[in-house]
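So the protein sequences, as listed, match chains A and B. Positions 56 to 148 (this note's numbering) are the ones given, in order, by the first sequence. Positions 99 to 578 (this note's numbering) are the ones given, in order, by the second sequence.
Derived from the structure by calculation, the hints contain no laboratory data. The structure presented is a predicted model; accordingly, all values stated were derived computationally and were not measured. Don't be surprised by glycine CBs; every beta carbon is placed ideally from N, CA and C. Hints may be right or wrong, so weigh each one.
Beta-carbon label-pair distances, calculated as ranges [stated by the list, open to error]: (1) B:Leu549 - A:Ser143: 48 to 56 Å; (2) A:Leu146 - B:Phe377: 41 to 49 Å; (3) B:Lys322 - A:Gln87: 44 to 52 Å; (4) B:Val327 - A:Ser89: 35 to 43 Å; (5) B:Gly415 - A:Ser143: 27 to 35 Å; (6) A:Met84 - B:Glu255: 50 to 58 Å; (7) B:Ser368 - A:Ser89: 41 to 49 Å.
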Amino acid sequence: MLKVLAACGNGMGSSLIIKMKIEKVLKDMNIQFSIHHASVGQAKSEGRKFDLVLVSMPFVKEFTNLGDTKVIGLVNLLSEDEIREKVSEALAL
Amino acid sequence: MLGNEIVLFFQEFVNKFLGQAPLLLGTVVFIGYLLLGKKGYEALTGFIKAYVGFKILQVGTGGLVRTFAPIINALTTKFGIEAFVIDPYFGQTSAQEVLDSVDSLQYVGYVMLIAFAWNILLVALRKHTKIRTLFITGHIMYQQSAVLLWAMYWVLEGTGLAVTTQTVVVSGFLIGTYWSVMSNLIIEATQEVTEGAGFTVGHQQMFGAWAAYKLGKLVGNKDKDVDNVQLPGWLSIFNDNIVSNTILMTTFVGTIMIIIGKDVFEYSNSKYWFGTYIFETTAYFAVYITIILTGVRMFVAELTESFQGISQKLLKGSIPAVDCAVIFGYAPNAPTYGFIFGFFGQMLAIGILILLKSPILIIAGFICLFFDNGTLAVFANKAGGRRAAAIIPFVSGLIQVFGSALVLTVLRGNPNVIGWMGMFDWATLWAGTTLLSKAFGVIVPIGLIVLMLVIPQLQYRRHSKNYFTTMREEVAQKSS
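For reference, chain B alone in the conformation it holds in the complex (with noise of 0.2 Å):
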């Protein structure tokens, strides 16, 4: 009798703690606290502030699906087709909400400790692996291993029941092995980059970046350097989140209100003009996204901060993979180029969708557009300068808008999505790799996680002289 309770309790703690995903990654934040040797209120700080600002994401997400999915509804209805904003918090907004509308939302805490396990127990292996470097952008992981989850969810399985076991662990190893290759591939032209700061990029676009690299060289000259260059003053508008997500998407969303029609909208006549209304509506995006980034500011400042303290701890003088933003000081001007030029490629993109006469309609969104096609511009421009930080952002415009309207064919169908991720390398890699799952099944991710990992023992016969000293010394005189 006694046996039968445990068990039955246990299944409940499984159902009822472990299946709730701000529970869950509360208690990562609370061990984790815990094993770094910090005090038990400090640990309960952490529990709590990761599962508020987890529930204040959640908010933010339910309405970002709920300001857009009328406006959609409305284009379908219409015209046929759907459209879809490509930025990784649409993105995220999509998986957080297919996933939860299958009970499975909690099994994304699953995914990103299997990976950050795996990346940790691949580092540790480095004589044999060649992987030098740890992934630390808590933000990332998080919504990485969310989108990858709903994809491949969405592809291999796509019941409506919970995700299976199969998928979770799959998805786990295949998106660890991702950060570890990528970041590692890249750690030669960052240390170029930063005139050897000791880091790694671990973001969204390592692919991309370390092509820009590769291909700048061909198309510019490196000593015509972008930060040569006037950029006209009104562009530093650009520089604060909120607004330019607000001119964004009331230009690209209000557009298509217009197109709709006011006729369709139910809003008060006494209370609004049109335009007044239109305004309302896509300021709301901004709203919602600035819902978003406080949620997840909370509980990933906690998650990177017992993540970080929990790696040092174990490996010593491995690379940190940081966001990429942390390379944009030292091109200053290089992310606006990219930011334009990117602009003009997927305004491009988007208009031969329009021509052709696509089912699926992109919306451009602010974060591929600056922090995506900016890195990719810092890359270029540092091997071959002007040139190619304009060449190289254009037509990753081009490939991030049809590379997200291609894996959206296979994606939509589900009242949830309203976005696909549009980074480089989700527009590429994992757009690929979706599509091929979807037509060969579980033996595509798997096979991926094989070849990817053949990739740093490539590069280590390239230089293997110098593959692991260069690196650690650097890091050591930094640190010192």
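Here chain A stands alone, though its shape is the one from the complex (with noise of 0.2 Å):
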């Protein structure tokens, strides 16, 4: 089981917006996951419980300590190719 977290500023529109979009493309490449949203101040601090964290491209420097989880920075979060094409690079596919 693959565990995503989707973060932005407040944790409220565009997460759930990249939220959204994962989940699609996810199952498109059938992959089981679990996915959660997040603001980027809750995620630093769990963001280690996840095997990735997207987030809107400024913020990919925040997260400076996660260890083994993978950060992945979109530039534009309804694009379902990027998030296709990042992942897919993430996972090693």
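Using the hints, put the two standalone chains together into the complex.
Structural data, given as structure tokens:
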């Protein structure tokens, strides 16, 4: 089971949008997953519990201490292509 | 006899079920999920999370008022001035607590449903209405419905009795028209900023962002982009909303508490210094805002998912209007620019209020500073580079404070009011609507609905050839 976290500034608007897009992409890729969304502040403290953390590009540099968790920065949060590409790369598929 | 009992049961059902905001929202989610063909247990999950999320939100709004009210009362008693925070969650808190005090909180749900249905209808008839966008930013939809209903109730009725059906219906159509028209207005500029990403902004400053984009061309040079500038690293602490809320509230409310003086506050001398007491009190703002966000996140996630599913089924090819932060990735430095220069603008405006001995004092809130001016900066930067990304948020900071102070002159006078939205459109369009409605009555919001619907017609006239096609093709390309 792949554990995924989507995060944005307040953990309200854009993280929810990323979350819905990721759900669609991962279903298409036939990957078993669970997903949550949160603010960047929460994601920094809880990110280690997840395999992947997806955020808007400007926030990537906030995550310096997540160990094995991979952090993915997105430019277009609504682009399924970009999510698919970067998730595949991170999982080395 | 039986007929009577049915009528009686129906009345009870309206009051005790549809009249309870969390039950109503939970039911909306439940029905939405069933319509989407989700399983019964999934719909039940949605109902429970919407219900519990809403209850968590209410814990937060209640706590925020309880923390803030004593400080403001002390300030009023001592200096005769009132202070309000300009931040969406302080606006939403005021709205919810005022409406709840007249047993009308559930009407917010109806306002939102009317507005959403109206938005769907306007898009469905897009051949005639020229509206291309559907608003799906759930937390904003709920918040704006609440704040507008509060403002309209207060200036049109303010009786202490429940909100009337007329005000609910007018508010619903008004906010629905705003969602449709303003997110439609900013499509072309958003396409420029995102290089054709196929969405538009559905937030609290669409009119402001459109103006920023138009004016940006005049005040700057688009080739001198903000992303060529190296910003100091310590600014990144503001990326954490808990940290930034605490810093801002400690600074501003802490200053007010020091000015009021420590004798006024009742705290245990053996447990606290005045300084640690201030920090604990002001940190509670971050605590309650975090609780509010947690609650809203929970019920909005369900609501948005069910709304988006419904709209996708109904309206293929409409353009989604989403949270403003979605565009931040296209100009990572711009939001920080907006934050800094908007901050200077707000500070100058607050200073002027103090010098003029205004009876209303404004306290700066984080969301306005970062998300609102940040969005304006992204649009200004695209049109006029870093010069525009500095000047426009600065001016916006002034407007946010003065516009909010102005509208609060008619909204204050209720102990549950602790703030106003403050976001650009709310300090301009909505502040104006509220003030005019106070003066001229319900004809103002009704007239505004008609006037706003003219805007997409004018847009269409200016570029009728590719008005519908450009977006559609781009959307099709993106999703293929």
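Item to complete: Go through the numbered hints given earlier and state which of them the structure violates, listing their numbers in rising order.
Response: Violated hints: none; all satisfied.
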